[in-house]
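**Student:** Sequence:
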Amino acid sequence: MTPEPSGPGGVEQANVIDAIAHDTRADEVVLTMVERRPWDDSELQLFQLQEKFNAYVSFVLDGEMVEAYPAFAQKRVRLRLECAAPPTDTVRGFLNAIHEQLAFQGIEVEGVVTGGSDRANGV
1 MTPEPSGPGG
11 VEQANVIDAI
21 AHDTRADEVV
31 LTMVERRPWD
41 DSELQLFQLQ
51 EKFNAYVSFV
61 LDGEMVEAYP
71 AFAQKRVRLR
81 LECAAPPTDT
91 VRGFLNAIHE
101 QLAFQGIEVE
111 GVVTGGSDRA
121 NGV
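Each residue of the sequence shown is one higher than the last, beginning at 1 in the working numbering.
Don't read these hints as lab results, they were simulated from the structure. Since the model is a prediction, treat every value here as computed from it, not as a measurement. Beta carbons are placed, not taken as given, at the ideal position from N, Cα and C, and that holds for glycine. Some hints could be false.
What the hints assert, rightly or not - Using C-beta positions, here's what the derived DEER-type ranges look like:
id, residue 1, residue 2, range
1, 85, 63, 28 to 38 Å
2, 63, 100, 20 to 30 Å
3, 44, 74, 36 to 46 Å
4, 28, 114, 14 to 24 Å
5, 96, 26, 15 to 25 Å
6, 41, 70, 34 to 44 Å
7, 89, 24, 34 to 44 Å
Given only the sequences and the hints, what does the whole structure look like? Please build it.
**Tutor:** Rendered as structure tokens:
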């Protein structure tokens, strides 16, 4: 996986880190993935979301993140999903399941709805 600070990326491109940053206030690494499409509950979109999360988790747990960014060693990690539209109940359920599973690994998950603006709301 090639970390990129930003770029086209998006959920449909599992092998791209959409954004990575150090939240100095919380002293944690934030890996952001972006879903620009509206949620349609299609099998394809849910599969792509799952693959994106799998790639991000692998990037963290397999040591690739620390190899690429040694300063991030020993930092807590938060996976952030920015969506253009509020998730459907199906997507919300999927995100809740991911949140529960990753909590065991010490990885926080958050979702925000950007709505195409600078304003973000919790998912």
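**Student:** If a hint holds in the structure, say so; if it doesn't, say that too.
**Tutor:** Evaluation of the provided hints:
Between residue 85 and residue 63 the CB atoms are about 34 Å apart, so this pair conforms to the stated range of 28 to 38 Å. Checked against the hint of 20 to 30 Å, the pair residue 63 and residue 100 passes, with Cβ atoms roughly 24 Å apart. Range check, residue 44 to residue 74: Cβ separation about 37 Å, and the 36 to 46 Å hint holds. Under the hint 14 to 24 Å, the C-beta atoms of residue 28 and residue 114, about 20 Å apart, fit the expected range.
Hint check: residue 96 to residue 26, Cβ distance near 22 Å, so the stated range 15 to 25 Å holds. Between residue 41 and residue 70 the CB atoms are about 40 Å apart, so this pair conforms to the stated range of 34 to 44 Å. About 35 Å separates the C-beta atoms of residue 89 and residue 24, a value consistent with the hinted range of 34 to 44 Å.
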